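A.B. asks: For reference, the chains in residue letters:
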Amino acid sequence: MSTTLASKETFERIAALILSRSTADDTLVGLSDSHSATLRFANNQVVQNVAARTPSLSVRVAIGKRVGRATTNQLGRASILSTLRRAEEIAGLAPDDPEFLPSLPPQEYDSAMRFVDATANARPGHIAQRVRPVVRACDERGLSGAGIMTNQSTVTGLAASSDLFAFDRSTSATFSLTATAPDSTGWVMTRHRDINGLRQGERTDSAVDKALRSKNPRRIEPGHYTVILEPSATAGLLGPLLWSLGAKSYHKGNSALAGKLGSAISDVRLTLKSDPSNPRLLGSRFNGDGMPQRPQTWVENGVLKTLHYDRFTALEHGVEANPGPDAVTMSIGGPTARGVQELIEQTERGILITNFWYIRYVNASDLTITGMTRDGTFLIEDGKVVCGLRNFRFHDSPLRAFQQVDAATQPMESVTLERGKMLLPAVKLPEFNLSSVTEF
Amino acid sequence: MEHTAETSRRQFIKTCGCGAAALYVGGCATTGSESTGIAHASAAGPIPKDNWAALAQSALARVQKGGCEYGDIRLIETRTQSVRALDRRISGVSDRVSAGYGIRALYKGAWGFAAGSEFTPDAIRAVAGDAVEIARASATLMKTPVLLAREPRHRRQVTTPFEIDPFSVPLADKCDLLLATCENLHHRDGIARSRGNLWAQRDVKHFASTEGSVIDFDLLATGGGFGATAVADGDFQSRSFTLPYLRCGYEQVNWADFTNQAERIAEQAVEKVHAKKPPPGKYDLVLDPAHLALTIHESCGHPTELDRVLGYEANYAGTSFLTPEKLGKFRYGSEHVTLMADNTQPRGLASTGFDDDGVACQRWPIVDRGILVGYSTNREVANQIDERRSRGSNRADSWSSVPIVRISNIGLEPGKATLDSLIEGVENGILIGGMGSFSIDQKRYNFQFGGDCFWEIKNGKRGAMLKDVIYQGITPEFWASCDGVADLAHRRQYGFINCGKGQPGQSGWMTHAASHARFRGVNVIDPRA
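Chains V and X, in that order, are what the protein sequence lines are.
Numbering-wise (numbering that gives the first Met the number 0), the first sequence opens with residue 0 and increments by one.
Numbering-wise (numbering that gives the first Met the number 0), the second sequence opens with residue 0 and increments by one.
Treat the hints as calculated values from the structure; they're not laboratory data.
Note that this is a predicted model, so its numbers are computed, not measured.
Keep in mind that a hint or two might mislead.
[Said to hold, decoys possible] Covered stretches of chain V, going by a simulated chain X footprint (3 or more residues, C-beta under 8 Å):
| hint | stretch |
| --- | --- |
| 1 | 37 to 49 |
| 2 | 131 to 145 |
| 3 | 176 to 186 |
| 4 | 209 to 217 |
Ideal Cβ placement from N, Cα and C applies to all residues, glycine included.
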């Protein structure tokens, strides 16, 4: 497999060539080089098996406040220089960008190791061997298995005429399975830097168990219910809150959080932090400007503490810029349940939700969102799961639903299709709005 | 609702003067016809293409040497330009060139795919070797080998017709247009934010297969739009103008007249932020073509992708309620509802002459007078429902992605009504224009849509603007409530370039055409209740 990515020396050489030839006032070079392989299975056999190396070199130049950007995937000398020329041409023709800021000076970055050789070096035959028992487990229980196993390695580099230089190498491996019975499904998804950390056997058992336990789903009327959200479902509800942290919208008035900095926005026990060097998460070393990622507290004991200030908005408001939330952890203070099972045992009547799907804004001004439950929705009665349920559409807002968290677990790993990886608790929420029901 | 779109259409018809037949050299071919002296697309872009045919054949030879029964390759150079304006400034100009190749190998009925971007014989053979190694690994986990539906051999060339090459238009003109548009939007009191964009992409592609097909493509697409957000009384509301993504040149930007349209859009954004919310309940809805494009896409397009129906997407995009035993029997909608897939439709994004299986583009019914009759397919899945030929809907979003089944250009066939006659027949209803919030379950059954603009309809007359309109429904019940479709004169098409599907994720391209249509007794909800 042609998996050799650009080395630090190669990137230094490319950056030196561009920076020495650039006639612009300010030049920023960005390289991303990635090799990704995915085995995809469905109906208990392979339906797709792909590998691609995708380099991308971008050059951003500024002549005064006129900015141009050009990108190529061809890393030969001629192509590199023609990309620089295209960026310069664009900057020469573009109007002034009043929000342009010159490249950052050199920065200090964390030294956390983000690259695992075992992930980068896994070959197709090796991946197929890992998937075989997953498919067999589905087959043996009369279920149809569909999912993926992905291994990816990425190199990222930034260099600027200001002497800014940043470089990082990282890997990630993903496993996901949807086990399907005639009228039910069970799902898991996990992602780690180390392919040996996926524990796909254990995860498979969990998806299979969910599919079997939710057979013959019962239809119950839509309405407001006590719900237990597993961490993946918590992720779905939390997402819009994370995306509303931008200071620009906050100050221009088109943010649901406008005017709420320093005020309570949720249950007083809720705290939302990000820490890109957390080894359980997949944070990056720097953002696209070369700004170091660093730990941030966004919400502390229910109070909105910090906004995500891009460099220009920060300058306008005389505050320090920061990168957005990367590698997020949400926690609920005070005593917590040992796990989802304990939350179930504490619940007289409620609904256990594995995951949400197709989450979209309905009203951006109060963060009302909608979406569907998916892949494991259960009725709880008298502290026990009694049966699977047909899936619901929900309408609610994190700003409303997180006002009162009745109980929670410690943060656990959550990886979802729409939200990436975070550490989040399973939470028990009263009065969650399950507004309609579907036919499966 | 977008009357410029109407102007555009007339202009198009007048200036192009061309029907489907004139559009593509090979666009309507249903049988392979040999032509000699194929001129390889060598015009645009920084990557030399003179050796592409030879590189392709050398990769295919490597695949065959690896014992594979089938292989194909796509060599592609893509150039994308985007100019963005935000709040009275040009916030980004980018110009991206990406060139590479993707190679598929089928070994004992198991797929392998590998992609690379170094255009040397050694590099391309190494990547072809990777594709074989991957296919052999897949073969260890197969129960039912893949069997490809037959397709004639094609040797053709396909070119998107255009009047003005978007890459030849001076950048300064594009920036001036967007800045003038933003300025006009902010001219109205109450507008807090503005945005605009112009976008163009050209794909030069060489397809070759071990079955002997060789097809060259030179494809172009353009799109764009602008919008404004008004802030008042603790609320904010946006209004957008969409220049549809279509296979045509920059001429559609000139016809759209952004700067003048900006005044109307800004006025409506302000009217919208001050508008009332309708009380929840049953309403008759009249939906415009831009809105219907999304409704058709989500509730008809996705559930009739045959790979989804067969479970291929169970772990990601989902499956479908339109299972094969329903074909030819299931009542999907009322007799007014005929949905045709048409990948030969002029300017449609999926009108590319051939798909990435090398299968000729076709026109076929998906829903015929309310009954489900067809699917979008590729050579792999067509066989699984005993269709003898693929519908030619297998597409990859770049050289580094593998082709998957994609929604075709599915459109609602015109009826005999007019927008006025549809509105006249409504006592208590809402006219909805443009696209807004959307969400649908993974079998495409329970859905919910918003829109970009809403007007109350009372006693057959259009009234004041409304805001925050959300309707929720069940796909076949909704389409069964359709009791009228406007005629051909009302028909418009809107394209998507961001249809998410597949793992790794890909962005699909297709276009949906429709005339205004009326739906009775639809459930308008209050999401905050």
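A.B. asks: Against each hint, give a clear statement of whether it holds in the structure.
C.D. replies: The hints, checked one at a time:
1. 37 to 49: holds (count 13)
2. 131 to 145: With 4 residues in contact (Cβ-Cβ under 8 Å with chain X), the coverage given for the stretch 131 to 145 of chain V holds.
3. 176 to 186: holds (count 5)
4. 209 to 217: Coverage by chain X is violated for the stretch 209 to 217 of chain V (0 residues, Cβ < 8 Å).
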